Amino acid sequence: MSYSRTDYYAEGLAESFEEHGITATREQIKAVASDVAAWAESIGMAFQVPAGDPRDSELADLRKQLDRERNKVICRECKGSGEYVSRGPHHSSFGRCFKCRGEGRHAP
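Taking this note's numbering as reference, the numbering of the sequence shown is continuous, increasing by one, and the terminal residue is 134.
Possibly wrong hints are sitting among the right ones.
[To be verified] The calculated lysine-lysine pairs, modelled on DSSO-like cross-linking and capped at a C-alpha distance of 30 Å, are:
{"no.": "1", "residue 1": "Lys125", "residue 2": "Lys98"}
{"no.": "2", "residue 1": "Lys125", "residue 2": "Lys90"}
{"no.": "3", "residue 1": "Lys90", "residue 2": "Lys105"}
{"no.": "4", "residue 1": "Lys105", "residue 2": "Lys125"}
Calculated directly from the structure, the hints in this document are not laboratory data.
As the structure is a computational prediction, the values presented were derived from the model and not from experiment.
Please work from the sequences and hints to get the whole structure.
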């Protein structure tokens with residue numbers, strides 16, 4: 027048993043009608059709820075507003091990531107290599123740069 031949009035709108039309309047003193051039969055409420063459900067589906071066409079597309083939020087996130095990436099500067103500690111070399115008298119040590127975490131670039 028599923029809960030449809032029409033059932034949702036019918037429940038809300040029944041409560042609203044009761045609150046405002048409007049009398050209507052169950053069939054009338056169901057018919058109005060069906061109309062409201064149909065109107066809600068075409069609201070984008072009525073007001074030239076596109077329906078919410080999940081790709082819009084993903085696109086906004088990707089744009090923010092791209093801006094962050096473009097604003098990164100070359101790391102001065104490793105000179106953009108992402109690695110550091112520590113030379114001692116008897117050995118050398120290699121590792122990832124602590125400032126840029128081995129990427130060679132970081133946020134300013």
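To see whether the hints hold, each was checked on the structure:
| no. | hint | verdict |
| --- | --- | --- |
| 1 | Lys125 - Lys98 | 12 Å, holds |
| 2 | Lys125 - Lys90 | 22 Å, holds |
| 3 | Lys90 - Lys105 | 26 Å, holds |
| 4 | Lys105 - Lys125 | 11 Å, holds |
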